[in-house]
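Colleague: Here is what each chain is made of, one letter per residue.
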Amino acid sequence: MLKVGIDVGSTTMKTVALREDNSLAYSDYQRHRSQIIEKGREMLSAMMKEIGDEDVTISLSGSAGMGLAEAASIPFVQEVYATRTAARTFIPDTDTIIELGGEDAKILFLKHGLEVRMNGTCAGGTGAFIDQMATLLGIGMEDMNALSEKSTEIYTIASRCGVFAKSDIQPLINQGAKTEDIASSILVSVVNQTIAGLAQGRKIEGKVVYLGGPLTFIPRLRYFFDKAIGTEGICPDNSLYYVAMGSALSPGGKRMKLSDVIMALESYSGHSSFIKLDPLFADEDEYKAFRERHSKASVPIRDPRTYTGRAYLGIDAGSTTIKTCLLAENGDLLLSRYSPNNGNPVQAIRSFLSTLYYEYPDITIASSASTGYGEDLMKAAFSLDYSLVETEAHFIGAKHFMPDVDFIIDIGGQDIKCFRIRDGVIDDIFLNEACSSGCGSFLQTFANALGKGAEEFARLATEAVSPVDLGSRCTVFMNSSVKQAQKDGASVNDISAGLAISVVKNALYKVIRTSNPEELGKRIVVQGGTFLNDAVLRAFEKELGLEVVRPQIAGLMGAYGAALYSQMMAKRDDLRSSSIIPKEELDALIHSVRNTRCGGCTNHCLLTVNTFGTKRRLISGNRCERPVTGKAPASADHYDLYAYKQELLETYRKRKEGTKGTLGLPLALGMYELLPFYVTLFQELGYDTVVSPFSSRDLYIHGQASIPSDTVCFPAKLMHGHVQYLVDQKVDRIFIPCSSYNINEDKGNNHFNCPVVAYYGEVIKGNQDLSGIPLTLGYLSLEHPRHLAKRISELFGVRRHEAMKAVEKAFAELGSYRRRVSEKGLEIIEESRKEGRPIIVLAGRPYHTDPEINHGIDRMIVQLGASVVTEDSIAPLTGRSGYNVLNQWTYHARMYDAAMYVRDHREMNLVQLVSFGCGLDAVTTDEVKDILRAEDRIYTQIKIDEITNLGAVKIRMRSLFAALEMEESNGKKSIH
Amino acid sequence: MERRAFTEEMKKDGWTIVVPNMSPVHFNIMKRIFTTHGFKALLLENSSPSVIQEGLKYVHNDMCYPCLLVIGQMIDAIHRGLVDKDRCALIISQTGGGCRASNYYFLLIKALERAGLQNIPVISANLQGMNSNPGFRITFPMIVQAFSALVYGDLLMLLSNQTRPYEVHKGDTDRLIDKWTDYLGSCYERNRGYFWGNLKRNLNRISDDFSAIEVKRTPKVKVGVVGEIYMKYSRLGNSNLQGLLESEDCEVMLPPMMGFALYCFSNGIKDEEYYGGRGRYALIMKHIGLPLLSIIEKWSDKAVRRHGEFHAAATFKELEEFGERFIDRGCKMGEGWLLTAEMVELIEKGYDNIVCTQPFGCLPNHICGKGMIRPLKEAYPDSNIVPIDYDPSATKVNQENRIKLMLAVAKEKLEEENPQKKQ
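These protein sequences, in sequence, are chains Z and R.
Letter 415 of the first sequence, counting from 1, is numbered 415 in the numbering used here, and no numbers are missing.
Letter 144 of the second sequence, counting from 1, is numbered 144 in the numbering used here, and no numbers are missing.
Don't read these hints as lab results, they were simulated from the structure.
Hints are supplied without guarantee of correctness; some may be wrong.
Straight-line C-alpha distance at most 35 angstroms; calculated DSBU-like pairs for lysine-lysine [what the hints assert, rightly or not]: (1) Lys790/Z <-> Lys317/R; (2) Lys404/R <-> Lys207/Z; (3) Lys349/R <-> Lys39/Z; (4) Lys296/Z <-> Lys730/Z; (5) Lys302/R <-> Lys276/Z; (6) Lys302/R <-> Lys203/Z; (7) Lys929/Z <-> Lys954/Z; (8) Lys396/R <-> Lys257/Z; (9) Lys656/Z <-> Lys522/Z; (10) Lys399/Z <-> Lys203/Z; (11) Lys254/Z <-> Lys396/R; (12) Lys111/Z <-> Lys413/R; (13) Lys929/Z <-> Lys522/Z; (14) Lys85/R <-> Lys203/Z; (15) Lys203/Z <-> Lys404/R; (16) Lys39/Z <-> Lys317/R; (17) Lys49/Z <-> Lys404/R; (18) Lys349/R <-> Lys302/R; (19) Lys317/R <-> Lys542/Z; (20) Lys286/R <-> Lys302/R; (21) Lys571/Z <-> Lys656/Z; (22) Lys377/R <-> Lys396/R; (23) Lys286/R <-> Lys220/R; (24) Lys39/Z <-> Lys170/R; (25) Lys730/Z <-> Lys377/R; (26) Lys377/R <-> Lys227/Z; (27) Lys522/Z <-> Lys296/Z.
The calculated label-pair distances, taken between Cβ atoms and stated as ranges, are [to be verified]: (28) Arg697/Z <-> Pro419/R: 23 to 33 angstroms; (29) Asp732/Z <-> Arg306/R: 49 to 59 angstroms; (30) Lys216/R <-> Ala46/Z: 15 to 25 angstroms; (31) Glu823/Z <-> Arg235/R: 36 to 46 angstroms; (32) Ser247/R <-> Arg31/Z: 26 to 36 angstroms; (33) Arg306/R <-> Pro75/Z: 34 to 44 angstroms; (34) Asn884/Z <-> Gly129/R: 38 to 48 angstroms; (35) Ser186/R <-> Glu783/Z: 29 to 39 angstroms; (36) Glu647/Z <-> Glu113/R: 55 to 65 angstroms; (37) Asp732/Z <-> Gly197/R: 40 to 50 angstroms; (38) Gly193/R <-> Asn749/Z: 36 to 46 angstroms.
It should be emphasised that the depicted structure is a prediction, and the values quoted were computed from it without experimental measurement.
By construction, the Cβ of each residue, glycine as well, lies at the ideal position given by its N, Cα and C atoms.
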């Protein structure tokens with residue numbers, strides 16, 4: 001009797017039939033495009049044609065297969081279990097299996113008790129992720145391999161989550177990095193994601209077997225895995241079918257005829273148990289009226305062939321698309337283009353300009369401006385006249401359609417931008433954090449996955465009868481929600497409508513964080529390519545209960561605003577003609593891209609150098625201006641308290657010979673503040689202290705394998721790297737302080753540490769291989785010096801009075817360190833006030849001083865012309881106030897106080913640094929914001945993780961400064 | 001901010017106090033205590049998707065899932081008219097620990113303001129006297145009754161979980177829980193018959209009653225559930241995990257709540273040892289509080305052991321020892337070391353298939369839950385632990401899939417141990 005197995009994965013379906021001797025009699029592999037029941041029927045019919053309709057045993061497996069199993073009453077086998085069964089049968093000596101599927105990644109350790117690691121609810125480095133990245137690069141999945149083979153350089157791409165990786169890749173594309181290199185970098189990031197996220201410290205060794213689609217189809221991916229693991233794994237025959245074969249082999253298979261299964265499926269009409277929402281449109285008429293209303297917001301269009309004279313060019317080089325607008329002197333739209341940048345935005349504009357020059361020789365470009373992610377690249381490539389931050393461009397564009405607009409929301413391919421306008425200036429900015437970009441490109445990828453074009457997908461949504469409720473978090477979650485809806489039999493229409501509603505909810509509740517639509521105001525302009533999808537627009541209006549304005553050129557608003565800006569500026573500067581490169585130069589334009597490591601300092605930034613002909617070049621990837629100007633940026637540190645703190649901390653690295661051997665102190669989490677204390681304490685006690693260096697990418701990667709929880713904050717994850725460094729230094733002992741309590745500054749109801757800072761040492765103890773080096777977790781608190789001395793004397797076997805003496809010295813040192821920090825802070829503030837330099841309070845926690853954690857945001861702000869001070873330097877300047885939260889964490893209490901101080905000092909602005917995954921910041925961000933908003937101050941929040949791209953942060957900071965400037969010129973006088 | 005307090009008059013007028021439901025067995029008994037002391041109470045059962053929607057709407061979305069649920073459930077109840085919004089008050093616990101959960105009270109207040117419901121009084125349930133309301137005073141009898149309810153609830157939960165999967169007549173077990181809930185309620189009303197000597201007697205009677213239920217004990221997969229306290233006990237929180245497991249023919253073990261209470265009380269002792277400055281509290285707890293409580297704990301333990309078929313829960317002393325093998329007892333935020341200790345206990349007791357439930361991004365569980373799985377696996381290679389994250393958008397299909405894998409391995413083990421059992 002044949003044994004039949006079915007595997008329903010998230011994107012594909014596999015069927016196999018095995019003979020008695022377990023040899024393969026039949027196999028088939030197809031994409032199911034969420035039509036699981038139909039596809040199942042079809043594939044089983046095909047199988048029946050081949051193998052006949054005798055009795056078979058049949059089982060079903062796969063993450064999306066539960067519904068089908070139920071429908072045909074076939075026994076269900078969990079897919080990991082099936083994989084193991086197959087491996088035991090076909091490759092009995094397998095030690096480890098690495099299996100990547102459409103949406104999941106798994107590592108199975110078969111030896112010493114089965115251990116399975118599956119990706120959690122938050123992980124994207126899988127087949128769907130590679131698919132999405134390929135779409136982004138404008139190539140097919142199959143090209144990925146060929147391209148990767150030709151790569152020469154690997155870029156760092158965040159590997160934790162697909163969305164992060166995406167926002168790392170985007171700037172690479174826009175900066176003109178080679179597609180070959182990006183392809184390899186993507187594959188490497190998948191490898192890192194799998195190893196860091198899943199192996200979690202367990203060594204991958206022995207015979208490694210690669211299974212699943214991506215690993216079968218992309219040999220280069222196997223190559224990178226081999227390299228990372230240091231082994232040579234095998235990808236067996238039928239590597240796609242292991243789950244299906246395993247389910248065929250499982251002993252619980254049910255004896256039946258294929259024709260019976262097919263019949264059961266035919267009579268099955270999926271009981272739709274998914275959560276339904278109201279339809280977007282009640283009927284056809286409602287949809288018509290809706291179309292009618294929105295067609296009113298249009299721009300007069302003029303045939304460019306009929307126009308002679310001056311015209312204004314705006315270019316918006318967005319993340320996935322590139323938009324251009326050409327306006328006549330009177331504002332008529334002459335030409336526009338909205339196209340994907342296909343990974344090469346320079347080429348896209350070049351072809352646009354070429355069309356312009358050749359087909360419309362009577363039009364002269366009078367002025368030009370660029371905006372968006374690629375604004376610098378565009379400006380340099382074509383020698384444009386102006387560039388402006390994209391938030392401003394959108395505001396200028398929106399004002400044209402609604403002069404008294406009070407809220408603009410722009411949902412593009414990769415990002416959501418919202419700004420509130422008050423008294424004619426941008427008063428508050430919301431950008432989506434790296435984690436929540438459930439935007440346009442997501443819809444598009446999904447449309448493709450379901451086999452529809454973007455327009456058809458949108459149209460289907462408008463016809464949906466009962467849209468699926470898909471939640472409102474990140475794209476990875478939505479992937480699994482869709483999977484669930486498919487299982488429950490939702491139609492493509494309902495899924496499309498559900499996705500549109502999700503995008504809207506994501507924007508409203510995740511990015512803007514509104515609960516009351518009235519907060520947004522009454523006069524709202526929506527724009528961005530995503531709003532061209534009628535379903536999204538409708539969902540937005542329904543969610544808000546408001547009618548909003550969507551310009552017909554919603555997707556072009558950045559470019560439109562840039563064009564208007566170029567006209568405005570040309571008038572102001574009395575520009576005679578544009579500096580844009582003329583026809584001849586355009587034809588001769590040679591664009592080359594080169595990568596190089598900067599030798600300016602120890603950061604060794606990977607620079608991407610774009611050269612355009614002989615005259616112009618653009619350097620990107622740099623953290624400072626040195627590679628561009630050739631000058632050291634040292635002078636800027638003068639205005640940067642973060643830099644000063646780093647400098648001070650550096651002094652505690654000085655070794656001092658001791659009688660008791662070396663003691664390693666990892667410079668992570670709480671140690672960032674207490675380093676002066678502990679170094680002094682231990683040196684006094686006779687230890688030679690070894691302090692780990694400031695974090696770097698390498699340091700992080702060095703320790704990442706032992707991180708057990710992939711959702712813990714980045715500063716905690718770095719601890720593993722620091723400890724690893726100390727292990728490599730072969731210190732005699734490692735010390736990590738653990739304490740429920742922080743320094744008592746008498747600021748709140750209590751003075752706790754957050755749980756992660758308090759006890760992370762336990763995670764190190766339980767998960768990291770310390771090569772036998774003893775680890776002391778010091779449950780110590782700095783509250784009661786006497787008690788502390790007692791504890792120290794117990795823990796380290798020293799006399800009580802010696803311990804007391806050391807403790808006293810340590811306290812003195814800590815006091816002096818903190819005094820120096822706040823004095824320097826005051827000095828910076830004083831001086832900046834005198835010079836009229838804006839002051840940014842970059843509020844975070846002490847460990848945000850680490851350059852790998854803050855990614856050099858402090859320096860970037862200084863380069864933009866402001867001074868930077870820390871929250872702890874100004875917190876003492878205000879007294880204790882009542883806050884509307886439980887104020888019981890020392891670090892967080894400082895932020896509230898800092899916000900209180902900033903609130904009353906208009907020359908200062910607060911920017912809050914939030915580590916992704918910081919649970920306490922869910923409490924603090926709202927409170928800090930409320931404190932500032934009470935006096936109409938701007939609140940800016942920057943979420944940081946292992947992400948290395950400063951592009952989005954820069955936009956945010958520039959928008960902030962632009963808003964401040966406008967505020968200034970609008971005559972809002974500062975108090976001082 | 002000025003809050004409207006819950007006044008004596010409101011109590012007299014019969015305003016409803018809205019109580020979130022964490023563990024049905026315990027809270028149904030607790031509810032009777034409310035009634036006894038003249039409060040009208042509504043124990044929330046609403047669990048439709050709108051609960052989560054309301055939570056997402058009024059609470060910061062990065063806040064932990066229990067917070068979204070508890071607040072969402074309350075606002076949903078008000079919006080659906082399950083309770084008169086002009087004649088109700090909300091009650092929420094406030095623990096004051098280092099975990100962000102201690103902020104629930106403030107987040108509820110913020111959420112009410114956002115929802116335009118700032119007129120509704122909020123009662124903070126705590127023993128420290130924070131944010132007091134004149135109409136809601138926790139009296140000594142209330143504390144004693146609540147404490148006894150905890151003990152009774154624990155025993156009912158423990159024994160029913162060991163009986164229900166095996167009962168011959170469907171429904172016997174749940175009927176017995178109802179019977180005892182009613183009986184205890186009447187004791188509270190009379191304010192007698194529920195404490196000290198009676199407590200000891202009742203515990204024994206409960207044990208006898210459960211033992212009398214006709215059962216057929218066939219080998220079943222035994223699954224322990226640990227984790228963040230709300231996710232562990234609340235059906236709303238864990239999408240009825242216990243139901244799912246029982247439908248897969250498993251016996252489920254939930255560690256008693258008493259352990260958590262003792263854990264909270266004992267933390268002050270550790271604090272004094274490690275950090276100093278809490279001498280009086282530690283002294284009282286160490287020499288009076290804990291010994292007193294462990295007497296009652298012992299009665300409960302003895303009651304279970306009257307009948308050989310029941311497994312007793314570990315005593316707190318044992319738990320301390322279990323925990324210390326892997327984690328320092330200074331680790332005291334959230335569930336802290338207790339979570340690790342409970343996993344050890346379950347494994348030692350033969351419940352070595354474990355679901356570790358936590359809200360997505362739960363801070364203490366990074367350490368005491370997920371952070372301890374690797375050392376546990378090293379010490380107990382046969383243990384079969386699956387951590388499950390709960391989140392407003394985490395889909396059931398993913399969670400179920402992971403649980404099914406754990407069960408597949410567990411069933412295989414069970415078959416190896418009981419080869420005679422037919423497949």
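Colleague: Decide, hint by hint, whether the structure agrees.
Modeller: For each hint, the structure was consulted:
1. With a C-alpha separation of about 26 angstroms, the suggested pair Lys790/Z and Lys317/R falls inside the 35 angstroms cut-off, and the hint holds.
2. Under the criterion of a C-alpha separation no larger than 35 angstroms, the hint pairing Lys404/R with Lys207/Z is consistent with the structure, at around 27 angstroms.
3. About 47 angstroms separates the Cα atoms of Lys349/R and Lys39/Z, which puts this hinted pair outside 35 angstroms; it is violated.
4. Proposed proximity of Lys296/Z and Lys730/Z is contradicted: the alpha carbons are some 73 angstroms apart, above 35 angstroms.
5. Proposed proximity of Lys302/R and Lys276/Z is contradicted: the alpha carbons are some 51 angstroms apart, above 35 angstroms.
6. With a C-alpha separation of about 46 angstroms, the suggested pair Lys302/R and Lys203/Z falls outside the 35 angstroms cut-off, and the hint is violated.
7. For the given pair, Lys929/Z sits about 20 angstroms from Lys954/Z by alpha-carbon distance, which is consistent with the 35 angstroms threshold.
8. At most 35 angstroms may separate the alpha-carbon atoms for a hinted pair to count; Lys396/R and Lys257/Z meet this at roughly 32 angstroms.
9. With a C-alpha separation of about 66 angstroms, the suggested pair Lys656/Z and Lys522/Z falls outside the 35 angstroms cut-off, and the hint is violated.
10. Between Lys399/Z and Lys203/Z, the direct Cα distance comes to roughly 58 angstroms. Violation of the 35 angstroms bound is thereby established for this hinted pair.
11. Between Lys254/Z and Lys396/R the alpha-carbon distance is near 26 angstroms, which keeps this suggested pair within the 35 angstroms criterion.
12. For the given pair, Lys111/Z sits about 16 angstroms from Lys413/R by alpha-carbon distance, which is consistent with the 35 angstroms threshold.
13. The suggested pairing of Lys929/Z with Lys522/Z holds, with an alpha-carbon distance near 22 angstroms, which does not exceed 35 angstroms.
14. Distance hint between Lys85/R and Lys203/Z is unfulfilled; the C-alpha atoms sit about 58 angstroms from each other, more than 35 angstroms.
15. The hinted pair formed by Lys203/Z and Lys404/R meets the criterion: a straight-line CA distance of about 26 angstroms does not exceed 35 angstroms.
16. Simply put, Lys39/Z and Lys317/R have alpha-carbon atoms about 58 angstroms apart, too far for the 35 angstroms limit, and the pair is violated.
17. Proposed proximity of Lys49/Z and Lys404/R is supported: the alpha carbons are some 33 angstroms apart, at most 35 angstroms.
18. Taken as a hint, the Lys349/R and Lys302/R pair is honoured in the structure, with Cα atoms around 17 angstroms apart against an allowance of 35 angstroms.
19. At most 35 angstroms may separate the alpha-carbon atoms for a hinted pair to count; Lys317/R and Lys542/Z exceed this at roughly 58 angstroms.
20. With a C-alpha separation of about 23 angstroms, the suggested pair Lys286/R and Lys302/R falls inside the 35 angstroms cut-off, and the hint holds.
21. Distance hint between Lys571/Z and Lys656/Z is unfulfilled; the C-alpha atoms sit about 66 angstroms from each other, more than 35 angstroms.
22. Between Lys377/R and Lys396/R, the direct Cα distance comes to roughly 26 angstroms. Compliance with the 35 angstroms bound is thereby established for this hinted pair.
23. Restraint check for Lys286/R and Lys220/R: the C-alpha separation of about 40 angstroms exceeds 35 angstroms, so the hint is violated.
24. For the given pair, Lys39/Z sits about 41 angstroms from Lys170/R by alpha-carbon distance, which is inconsistent with the 35 angstroms threshold.
25. With a CA separation close to 27 angstroms, the supplied pair Lys730/Z and Lys377/R stays within the 35 angstroms bound.
26. With a CA separation close to 28 angstroms, the supplied pair Lys377/R and Lys227/Z stays within the 35 angstroms bound.
27. Straight-line distance between C-alpha atoms of Lys522/Z and Lys296/Z comes to about 18 angstroms, which keeps the hinted pair within the 35 angstroms bound.
28. In this structure the hint that Arg697/Z and Pro419/R lie 23 to 33 angstroms apart at CB is violated, the actual value being about 53 angstroms.
29. Checked against the given bound of 49 to 59 angstroms, the beta carbons of Asp732/Z and Arg306/R, roughly 55 angstroms apart, stay inside it.
30. Separated by about 47 angstroms at the C-beta atoms, Lys216/R and Ala46/Z break the suggested range of 15 to 25 angstroms.
31. Against the hinted window of 36 to 46 angstroms, the Cβ-Cβ separation of Glu823/Z and Arg235/R comes to about 57 angstroms, which falls outside the hint.
32. One distance hint, 26 to 36 angstroms for the beta-carbon pair Ser247/R and Arg31/Z, holds here, with the actual separation near 33 angstroms.
33. Taking the beta carbon of each, Arg306/R and Pro75/Z are about 42 angstroms apart, inside 34 to 44 angstroms as hinted.
34. For the hinted restraint 38 to 48 angstroms between Asn884/Z and Gly129/R, the CB-CB distance of approximately 20 angstroms leaves it violated.
35. Distance hint check for Ser186/R and Glu783/Z: the Cβ-Cβ separation is about 49 angstroms, which falls outside the suggested range of 29 to 39 angstroms.
36. Roughly 45 angstroms separates the CB atoms of Glu647/Z and Glu113/R, a value that falls outside the hinted 55 to 65 angstroms.
37. Between Asp732/Z and Gly197/R, the C-beta spacing of about 59 angstroms breaks the proposed range 40 to 50 angstroms.
38. About 40 angstroms separates the C-beta atoms of Gly193/R and Asn749/Z, a value consistent with the hinted range of 36 to 46 angstroms.
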